[in-house]
Amino acid sequence: AQSVTQLGSHVSVSEGALVLLRCNYSSSVPPYLFWYVQYPNQGLQLLLKYTSAATLVKGINGFEAEFKKSETSFHLTKPSAHMSDAAEYFCAVSDWSASKIIFGSGTRLSIRP
Amino acid sequence: GAVVSQHPSWVICKSGTSVKIECRSLDFQATTMFWYRQFPKQSLMLMATSNEGSKATYEQGVEKDKFLINHASLTLSTLTVTSAHPEDSSFYICSALLAGVGNTGELFFGEGSRLTVL
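Line by line, the protein sequences give chains A and B. In this text, residue positions in the first sequence follow my numbering: the first is 1, and each later residue adds one. In this text, residue positions in the second sequence follow my numbering: the first is 1, and each later residue adds one.
Worth flagging that the hints you see were computed from the coordinates, not collected in a lab. One thing to keep in mind: the hints can contain errors.
[To be verified] Cβ-to-Cβ under 7 Å is the rule here; a few derived chain B residues that face chain A:
no.	residue
1	Phe-109
2	Gly-110
3	Gly-112
4	Leu-115
Being a predicted model, the structure only gives us computed values, none of them experimental. Think of the CB as a built atom: it goes at the ideal place given N, C-alpha and C, for glycine as much as any other residue.
Working from the sequences, and respecting the hints, build out all of it.
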């Protein structure tokens with residue numbers, strides 16, 4: 001069985017500060033890992049994904065995430081937060097087929113001016 | 001990138017009526033689509049997997065007679081909420097699987113449809 005745990009349902013940072021959203025996964029098979037962003041009343045947009053290639057994955061909008069097998073983590077970071085980054089972020093895991101994706105509970109990111 | 005479109009974006013209906021939500025893959029063919037339900041400030045809950053030309057596979061606890069799913073073509077899946085009640089009010093999101101090399105794939109999500117049942 002696969003699962004993801006997102007630590008912190010709400011994270012607030014100042015504009016220009018480092019963004020760190022935490023995600024830990026559990027998987028009995030080599031996982032595919034994803035970060036999605038959701039703006040209010042919209043669907044999900046893929047930020048980045050890990051599919052067993054490079055452990056440091058760069059995504060859109062300046063976000064990146066590092067796959068750490070020893071820590072079973074896939075934390076999302078961005079060096080400098082922008083007001084437009086305010087949204088809900090979901091970590092997700094699937095098997096190699098990327099079909100049945102399991103989502104974390106989500107982390108709401110707020111940006112303080 | 002691939003585009004998935006949902007229609008309608010917003011729908012308000014009276015209790016007891018049925019509502020159909022469409023999910024279309026605009027620039028690719030999707031043999032597999034997924035339907036999710038999202039409650040306010042919560043994550044996405046997978047409701048069912050929709051396969052073109054066959055019956056949908058429902059997750060445990062999802063009423064198949066309540067949420068009818070049809071995947072009649074490679075670009076269209078529909079979710080019909082039958083005899084809707086206020087507790088069915090929610091945000092419904094679909095995704096379509098774009099098949100890749102070696103059976104890997106990527107999911108693309110629709111914009112979501114907000115259903116409000118009065």
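Q: Report the numbers of all earlier hints that the structure fails to satisfy, in ascending order.
A: 4
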